[in-house]
Amino acid sequence: ILNVEQSPQSLHVQEGDSTNFTCSFPSSNFYALHWYRWETAKSPEALFVMTLNGDEKKKGRISATLNTKEGYSYLYIKGSQPEDSATYLCAHYNTDKLIFGTGTRLQVFP
Amino acid sequence: GAVVSQHPSWVICKSGTSVKIECRSLDFQATTMFWYRQFPKQSLMLMATSNEGSKATYEQGVEKDKFLINHASLTLSTLTVTSAHPEDSSFYICSAAAGQRSYNEQFFGPGTRLTVL
Numbered sequence: 090i091l092n093v094e095q096s097p098q099s100l101h102v103q104e105g106d107s108t109n110f111t112c113s114f115p116s117s118n119f120y121a122l123h124w125y126r127w128e129t130a131k132s133p134e135a136l137f138v139m140t141l142n143g144d145e146k147k148k149g150r151i152s153a154t155l156n157t158k159e160g161y162s163y164l165y166i167k168g169s170q171p172e173d174s175a176t177y178l179c180a181h182y183n184t185d186k187l188i189f190g191t192g193t194r195l196q197v198f199p
Numbered sequence: 128g129a130v131v132s133q134h135p136s137w138v139i140c141k142s143g144t145s146v147k148i149e150c151r152s153l154d155f156q157a158t159t160m161f162w163y164r165q166f167p168k169q170s171l172m173l174m175a176t177s178n179e180g181s182k183a184t185y186e187q188g189v190e191k192d193k194f195l196i197n198h199a200s201l202t203l204s205t206l207t208v209t210s211a212h213p214e215d216s217s218f219y220i221c222s223a224a225a226g227q228r229s230y231n232e233q234f235f236g237p238g239t240r241l242t243v244l
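If you read the sequences in order, they're chains Z and L. Here this note's numbering is used: the first residue of the first sequence is 90, the next is one more, and so on. Here this note's numbering is used: the first residue of the second sequence is 128, the next is one more, and so on.
Keep in mind the hints are simulated off the structure, nothing from the lab. One or more hints might be untrue.
Said to hold, decoys possible - Okay, derived cross-link-like pairs now, DMTMM-like style, lysine to aspartate or glutamate, Cα gap no bigger than 20 Å in a straight line:
1. Z:K146 to Z:D185
2. Z:K147 to Z:D185
3. Z:K148 to L:E232
4. Z:K167 to Z:E134
5. L:K141 to L:E179
6. L:K191 to L:D215
7. L:K147 to L:E179
8. Z:K167 to Z:D106
9. Z:K131 to Z:E172
10. L:K168 to L:D215
11. Z:K186 to L:E214
12. Z:K147 to L:E232
13. L:K182 to Z:D185
14. L:K193 to L:D215
15. L:K141 to L:D192
16. Z:K131 to L:E149
17. L:K147 to L:E214
18. Z:K131 to L:D154
19. Z:K148 to Z:D173
20. Z:K167 to Z:E104
21. L:K168 to Z:E94
22. Z:K186 to L:E179
23. Z:K186 to L:E186
24. Z:K148 to Z:E172
25. Z:K167 to Z:E128
26. Z:K146 to L:E232
27. Z:K158 to Z:D144
28. L:K147 to L:E190
29. L:K191 to L:E149
30. Z:K146 to Z:E134
31. L:K168 to Z:E128
32. Z:K186 to L:E190
33. Z:K131 to L:E232
34. L:K147 to L:E232
35. L:K191 to Z:D185
What you are looking at is a predicted structure, and each value in this text was computed from that prediction instead of being measured.
Here chain Z stands alone, though its shape is the one from the complex (with noise of 0.2 Å):
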């Protein structure tokens, strides 16, 4: 299994602060990438689908940038609000499956 691996494990910041994590993934047969929002006793909430190296895909004040050769993904949010404290999973699609990180645990102060 080839692992998918987020940074940082967890992230406290201020309303209104932005903040960004990193995915990290093999870059080797790349087919795509997933980021999903979890929030607790919830069911995952699909954010963007990317598939293209270079691609950057936006919602609301979240967006996200792929590049497929060096293995990475950023998900950017800009000035923070309390909804969104969830954890931000992100996976990659390997031989069928989708494997996913750890999740980076997010949690916004008002």
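Position chain L against the provided structure of chain Z, taking the given hints into account.
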């Protein structure tokens, strides 16, 4: 977005009993459903992939006779943990995709916490 429900949300059972977990896609037809397991402080790990009307494909190390998967319709898949033991205690979560391949967007249920005494 698409909604996937999972039932029950938690279950406690005695060692040796069987437990069935249901996964339903509520507003779309799921060609493929996936079952994952998550142990504490670990990542979601795929257990098996099931396509409607055919046998599930199990990941290496997952016993197919222990974890029975049935995907009888395009909206329902079930996972039965047979003769559960304490080491089966885990968080089980399903996802559904409208496409055939797992690189398609997957829609997750809220998960089931299984505790085996």
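* Mind listing which of the numbered hints don't hold for this structure, in increasing order? => 1, 2, 5, 11, 34
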